[in-house]
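K.L.:
This is what each chain is made of:
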Amino acid sequence: MVTGALAAAGFAAGALLPPRPAFASEQLTIISWGGGYQDVQLRKSFFEPFTKATGIKITEDQWNGEVSKVRAMVQTNTVNWDVLDVGVGIGELCSHGLVETLNWNRLGLDRTKFLGDDKTLDCGVPHHASSTVIAYDRTKLKNGPKTIADFFDLQKFPGKRAMQKGPTSNLEWALVADGVLIKDVYKVLATPAGVDRAFKKLDTIKKDVIWWTAGTQPAQLLGNGQVVMSTAWSGSINNAVKESGLPLEIMWDAQMLSLDFWVIPKGARHLDEAYKFLAFGGSPKPQADMTRYGNNGPANKDAMALVDPTIGPNLTTSPAHMANSLEFDYSFWGDKRDELNQRFTAWVVQQ
Amino acid sequence: MVTMAVQVAGNAEVHIPLRINLQRVEARRKLRAFALAVPLLLFILITFIFPIARMMFDAVHDNTLLKLMPQTAAALSAWDGKDLPSEGAYAALAADLKHAWAQKTAGAIGKRINFELPGAASQVASSSREANALSTGPYKAALIEINPLWAQPEVWAVLKRGGSSYTPSYLLRSVDYQYGPDSQIVALPTDSAIFRDVFLRTFGISIGVTAITLLLGFPLAYLLATLPSRVSNLLMMLVVLPFWTSLLVRTTAWVVLLQSNGVVNDVLMTLHIISQPAELIFNRVGTIVAMTHIQLPLTLLPIYSVMKTISPNYVRAARSLGAGPFYGFWKVYFPQTIPGIAAGCLLTFILCLGYYLTPALVGGPSDQMIAYFIARYTNEELNWGMASALGAILLTATLLLYYVYNKLVGVDQLKMG
Chain A
516 MVTGALAAAG FAAGALLPPR PAFASEQLTI ISWGGGYQDV QLRKSFFEPF TKATGIKITE
576 DQWNGEVSKV RAMVQTNTVN WDVLDVGVGI GELCSHGLVE TLNWNRLGLD RTKFLGDDKT
636 LDCGVPHHAS STVIAYDRTK LKNGPKTIAD FFDLQKFPGK RAMQKGPTSN LEWALVADGV
696 LIKDVYKVLA TPAGVDRAFK KLDTIKKDVI WWTAGTQPAQ LLGNGQVVMS TAWSGSINNA
756 VKESGLPLEI MWDAQMLSLD FWVIPKGARH LDEAYKFLAF GGSPKPQADM TRYGNNGPAN
816 KDAMALVDPT IGPNLTTSPA HMANSLEFDY SFWGDKRDEL NQRFTAWVVQ Q
Chain B
41 MVTMAVQVAG NAEVHIPLRI NLQRVEARRK LRAFALAVPL LLFILITFIF PIARMMFDAV
101 HDNTLLKLMP QTAAALSAWD GKDLPSEGAY AALAADLKHA WAQKTAGAIG KRINFELPGA
161 ASQVASSSRE ANALSTGPYK AALIEINPLW AQPEVWAVLK RGGSSYTPSY LLRSVDYQYG
221 PDSQIVALPT DSAIFRDVFL RTFGISIGVT AITLLLGFPL AYLLATLPSR VSNLLMMLVV
281 LPFWTSLLVR TTAWVVLLQS NGVVNDVLMT LHIISQPAEL IFNRVGTIVA MTHIQLPLTL
341 LPIYSVMKTI SPNYVRAARS LGAGPFYGFW KVYFPQTIPG IAAGCLLTFI LCLGYYLTPA
401 LVGGPSDQMI AYFIARYTNE ELNWGMASAL GAILLTATLL LYYVYNKLVG VDQLKMG
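Residue numbers (our numbering), protein chains in the order written: chain A, 516 to 866; chain B, 41 to 457.
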């Protein structure tokens with residue numbers, strides 16, 4: 516009955532919209548990560564403008580990136596999600612065939628304009644680039660770190676540092692600090708010797724590391740002086756500076772750039788509408804609009820031209836920050852996540 | 041039903057002897073009492089007994105491979121495990137992989153094999169995709185061509201073991217053993233062997249916290265039991281108030297107190313007792329302090345309630361018969377408090393074994409107890425076999441300890457108050 520009422524309401528609302536009467540079936544269920552990110556950033560820059568332009572109603576829901584949930588839906592043929600907002604999980608979703616392989620001609624977008632590697636672009640349209648960086652308190656550390664190697668240098672920067680509890684970005688950075696070129700990082704990490712080398716480098720600072728798990732912890736640990744520097748999501752440091760006025764500084768060398776994608780689960784009920792949404796979500800305008808709410812840069816390179824020039828330099832994708840950045844390798848982590856997670860967990864609990 | 045009972049009783053008075061009549065009434069009353077308890081029993085059965093039995097079962101039961109690769113399992117039942125299996129097994133494997141690709145189950149198969157052969161998951165997934173394109177044999181060469189994984193005897197040993205719905209793999213891994221390449225049981229390499237340490241640590245921390253709460257709690261309970269009630273009620277409030285506060289709040293309060301620029305370090309540095317901030321948190325010290333604080337009332341209260349019932353006359357009598365103050369306490373008072381001590385310590389020890397939140401917030405990575413790993417396998421890695429196996433071992437070890445404890449102290453001695 517509720518569905519009936521909703522459908523009727525949708526029909527009524529659709530009939531009132533001038534551009535093009537939408538039918539009740541023209542609706543889309545989009546899943547994202549919740550919080551202010553979904554309720555403000557995505558809704559204002561993507562969802563509301565899309566409904567306005569096409570008349571397609573959007574129903575929102577949330578998830579925590581559980582690939583297993585998508586797998587269960589696809590296997591039982593009960594896919595009631597149409598578009599997913601996914602980050603690092605795209606590697607696994609893609610290689611296990613759980614999402615649609617995209618037809619970029621049908622999308623009407625030029626895939627060469629996007630950040631991200633070829634294999635991943637087959638499965639998703641990236642909509643913004645967030646990054647993991649090194650942050651420190653400039654009042655406590657007058658001469659802050661300049662390179663990733665400084666983060667691993669206990670002589671130059673004595674004291675505790677905080678790192679995210681998990682292998683991703685930590686292993687890559689350990690190799691960079693150990694002298695591996697950024698373009699070779701994943702090549703080295705794909706070999707057992709490379710993994711050993713990364714863990715060996717991490718061993719050198721292990722006793723001085725405090726491990727964080729929630730994105731807000733780095734700002735907190737830096738703010739109360741528990742650590743001298745910390746790996747952190749640039750977005751949450753940006754928020755802490757803006758909202759709490761903490762004197763935090765970001766060191767952008769070898770920032771770990773990762774993209775968020777729109778993907779369509781295999782067997783989605785509203786494939787046409789989903790394609791329309793991906794075409795819209797990949798276009799420069801909404802991606803540029805999103806930069807008003809945080810420091811995540813657009814993934815469509817054309818969008819940079821539309822970004823307010825005063826905020827442009829703060830973004831993760833500004834030319835200065837991109838100069839020496841590491842791009843997250845989705846297929847590598849899609850393949851190796853389980854294995855490296857296990858090894859990391861065993862490593863981290865041993866003294 | 042009541043009227044019926046009365047009626048039956050009334051009619052029976054004439055024919056049936058009183059004794060049987062009384063027995064019947066008694067039986068009915070018992071049935072009614074039991075009926076009242078049925079909802080509780082059902083509740084316990086559904087929410088407690090059944091999940092635990094299920095967990096014990098999951099620790100040794102896993103039919104992923106049998107269910108998802110039925111043809112391979114059947115083809116391998118006759119394989120001797122010495123050389124690579126014959127073409128027939130490869131054909132079965134190809135059929136199963138094709139089916140898995142169509143049913144999107146390659147990921148689940150890969151995850152299961154990956155547990156025993158780290159790194160195999162992605163190879164299984166890609167093999168499944170490529171096997172889909174194979175239409176005719178011979179499959180052996182074709183599959184090895186697709187991925188050299190299928191030329192490894194180890195993977196075939198895993199598949200062969202997968203032919204049984206029951207596996208000791210999870211229990212073995214929980215005590216740092218695994219299957220070797222020829223299905224013999226070998227120790228895990230030292231860089232991934234963690235669980236024996238974690239179990240020892242779990243019991244070590246629990247025993248330590250129990251001992252500290254007893255040392256702190258016993259004198260305090262004595263004080264509370266012997267002071268005039270006006271003072272002791274106030275003190276009691278101080279003990280019980282934190283007990284009513286949320287566990288999360290109390291734990292995070294310790295973060296504020298113990299961090300490097302926290303209250304404790306500030307005071308110690310102002311008093312020039314230390315010159316550098318001491319490391320009090322995100323390590324074993326923080327874990328033990330916070331756990332002790334949380335558990336103290338639970339050890340103290342049973343001891344207190346037992347002490348309240350001990351008449352002061354016994355010690356007075358002992359003293360009047362010439363015992364010194366310590367002798368009187370030790371020989372007369374202390375033995376009477378043992379039921380309370382036993383109950384308080386058992387309560388604290390068993391609760392400590394399951395600690396998850398506190399070590400996660402105030403401990404370092406090497407202070408995490410077994411509950412952390414159970415939660416990790418349940419929620420993050422979705423490996424319920426491992427979670428169940430760790431849980432089953434913890435439960436068994438706890439029951440064993442309880443048995444020993446019972447032999448030493450005697451459960452009939454326990455007194456909660």
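Everything labelled a hint here was simulated from the structure, so no lab data went into it. Please read these numbers as outputs of a predicted model, since none were measured by experiment. Idealized CB from N, CA, C, for every residue including glycine. Please note: incorrect hints may appear among the correct ones.
[Said to hold, decoys possible] So the derived label-pair ranges between C-beta atoms look like this:
1. A/THR593 / B/TRP284: 55 to 61 Å
2. B/VAL444 / A/LYS715: 56 to 62 Å
3. A/VAL555 / B/LEU240: 54 to 60 Å
[Said to hold, decoys possible] Under the rule of at most 30 Å between Cα atoms (straight-line distance), these lysine-lysine pairs were calculated in the DSBU-like manner:
4. A/LYS680 / A/LYS722
5. A/LYS634 / B/LYS151
6. B/LYS138 / A/LYS781
7. A/LYS584 / A/LYS722
8. A/LYS584 / B/LYS151
K.L.:
Hints first: check each against the structure and report whether it holds.
P.N.:
Against the structure, the hints:
Roughly 45 Å separates the CB atoms of A/THR593 and B/TRP284, a value that falls outside the hinted 55 to 61 Å. Range check, B/VAL444 to A/LYS715: Cβ separation about 43 Å, and the 56 to 62 Å hint is violated. Taking the beta carbon of each, A/VAL555 and B/LEU240 are about 49 Å apart, not inside 54 to 60 Å as hinted. Restraint check: the Cα-Cα separation between A/LYS680 and A/LYS722 comes to about 14 Å, which is no more than 30 Å; the hinted pair holds.
Between A/LYS634 and B/LYS151 the CA atoms are separated by roughly 22 Å; this keeps the pair inside 30 Å, and the hint holds. Of the supplied pair hints, the one linking B/LYS138 and A/LYS781 holds, its CA atoms being roughly 18 Å apart against a limit of 30 Å. With a C-alpha separation of about 37 Å, the suggested pair A/LYS584 and A/LYS722 falls outside the 30 Å cut-off, and the hint is violated. For the suggested pair A/LYS584 and B/LYS151, the alpha carbons sit about 15 Å apart, so the restraint of at most 30 Å is met.
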